[in-house]
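Participant: Keeping their order, the protein sequence lines are chains Y and C. Last residue of the first sequence: 254 in this note's numbering, with the numbers rising by one and none dropped. Last residue of the second sequence: 650 in this note's numbering, with the numbers rising by one and none dropped.
By construction, these hints were calculated from the structure, which means they are not laboratory data. Hints are supplied without guarantee of correctness; some may be wrong.
Residues on chain Y that point at chain C, a partial pick, calculated with CB under 7 Å [stated by the list, open to error]:
1. Ala-55
2. Pro-74
3. Leu-98
4. Phe-100
5. Lys-101
6. Pro-122
7. Asp-123
8. Glu-127
9. Thr-151
Where is the CB? At the ideal position from N, CA and C, for every residue including glycine.
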Amino acid sequence: MRISDKFDELKTKNEGALIAYVCAGDGDTTRIVHALINGGADIVELGLPFSDPIADGPTIQASIERALDAGMNPDRYFEMVKGLDVDVPLVVMTYYNLIFKRGLERFVKDCKDSGITGVIVPDLPPEESGELGRYCEGNGVDLIFLIAPTTTGDRLEDILERGTGFLYLVSRLGVTGARADIAGSTKEVLDRVKTDKPKAVGFGISSGAQAAEIIKSGAQGVIVGSAFVDIIASGQDVAGRLKALALEIKSSLG
Amino acid sequence: MNIKQKGKFGRFGGQFVPEVLMPAVKELEQGYKQFRDDPEFKQELDYYLKDFAGRPTPLYHARRLSEKYGITVYLKREDLVHGGAHKLNNTLGQALLAKYMGKCRLIAETGAGQHGTATAMAGANLGIPTEVYMGAKDIRRQRMNVYRMELMGTKVIPVTSGSQTLKDAINEALRDWVSNVEDTHYLIGSVVGPHPYPTIVRDFQSVIGNEVKHQIMEKEGRLPDSIIACTGGGSNAIGTFYPFIPDTEVKLFAVEAGGSGMESTDKAALHSASLCVGEEGVLHGARTRILQDPYGQILESHSIAAGLDYSGVGPELTYLAETGRIKPANTSDDEALAAFDELSRMEGIIPALESSHALAYLAKAAGSGELGEIVVINLSGRGDKDLETVLEKGVM
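Construct the entire structure; sequences and hints are all you get.
Facilitator: Here you go:
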């Protein structure tokens, strides 16, 4: 399913999107993805683990290390995704070297063939993204860019022009990870980013109350990662608690 | 509208960094452009290099080594720079640049502790609070450097993720920078990372090669036939080579750490020879040659010299290797130890284990004639920091 179709559907229902991130290979990924979707996740962002995840904080780095230790690799990743029988858009989040090494064209084809319709590469700024962008466009896969509180001027304009699927707004400076406070900079960034494309806010969201506030501030979606990954790390009633947290957040986005 | 790709050496280099850092690397690019030729900045840096760091360093004719190998051997004595290695050339330059740019905090990563120590010196001297990320494994093998940094008021932060070495310290420093980009300068210690770092660090280290050029003309009336420098990230190598790039008659040898063998296991290479056997990829913000598995996961590297123990290499060195201007080579842990021993006994100079790799290439290649008649070896640092490691190996 294309991301834009999902956002269109949510718009008619007047709902904000819950975009859930987990790292593939950390725990029983198939079961985890279904639990998230059963809880109401609208889009699933499935991390493909890389050895040196510089944009991630300790929680997700630990998840990535567990996934690598458990033997996750790009071949298994696409195989696993192919076997997921889901009707929400799937997005791969990974670092550029894994894409580069596989070959840009092959990577995007693998995405398309396995049912992935979006790609997020946190260490690939628009300046370096031309070639990957062309393959994505040719294969009907969205290339999703991040916008930081520090992204301004010409660079912001360029990202708004290039970005497809949705725009991934980073709510504050820093790496991924759950935080109690969502900086006031979120609203400021949302106001500053003027576009018709859907805006989703990520980095630091862990509760329904925070998520509701972000939707109220003008976002079309929230991205939640570390809060889900914490549950996976605990190993306790993982599927049940993932579904419950997804439900809590999703119910606040209506 | 199309914003441009910047800082490429051929197809290598670039700015592969998280979006939050893009404004910071651009600000640094701008700041460097503004101050690099500013007379006041240059004068102040010259003052620090001369009166604080102790430049120029001698170009020393190693008579006994020359006799043994039958060629004229000069050692560029970067081991005599304040702090015991070439690293201060760069940290003084960048710390001063940070000050001119109005940054009030320095962070750095360190492998052997040499760059951390040099950053601590520059930070203390210029009065800028400094924090250094260091792999927990490196902290254990370089305790004295940790103590030195702490003496100079620097906070040393242990990194316990991943392989607990330089690569992980860089990851952690990048994360810090992502969070504190507004008031913090990330002082990268080698010619790696996103543009403009490879250029900035090269320029600040080029003082080595510029001095060599002047000194060898004074002593020999001509340029050397070859120059040898050890290469991890490659800052001392490119700093020595750079002024000689147009002089194509001068052969330039970049000697990497051959470690305990040129093979790799599933997760780790037994060496740190990215130029020699690495494959093209993207690491720490730059496209270059790196040690990686068939999927693109970064392999841990190995060397007896912590300062060479890195899974990548500066993008400009990769470019120069690709174009044939520099020649990548490697020497093993054992060859470096033998060279360490030899220089100590024959010249009364205890070299850093990093520099010992360059010295070992002299022993390896002198007989073949490929070095010519006059060779300059960059003695990038002194070996006092390595005594414990060498003792363990039972050389002495």
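Participant: The structure should be examined with respect to each hint, and the outcome stated for every one.
Facilitator: Taking the hints in turn, this is what the structure says about them:
no.: 1; hint: Ala-55; verdict: holds, 4 Å
no.: 2; hint: Pro-74; verdict: holds, 5 Å
no.: 3; hint: Leu-98; verdict: holds, 4 Å
no.: 4; hint: Phe-100; verdict: holds, 6 Å
no.: 5; hint: Lys-101; verdict: holds, 3 Å
no.: 6; hint: Pro-122; verdict: holds, 5 Å
no.: 7; hint: Asp-123; verdict: holds, 5 Å
no.: 8; hint: Glu-127; verdict: holds, 5 Å
no.: 9; hint: Thr-151; verdict: holds, 6 Å
Consistency with the previously given hints is maintained throughout, with no hint failing.
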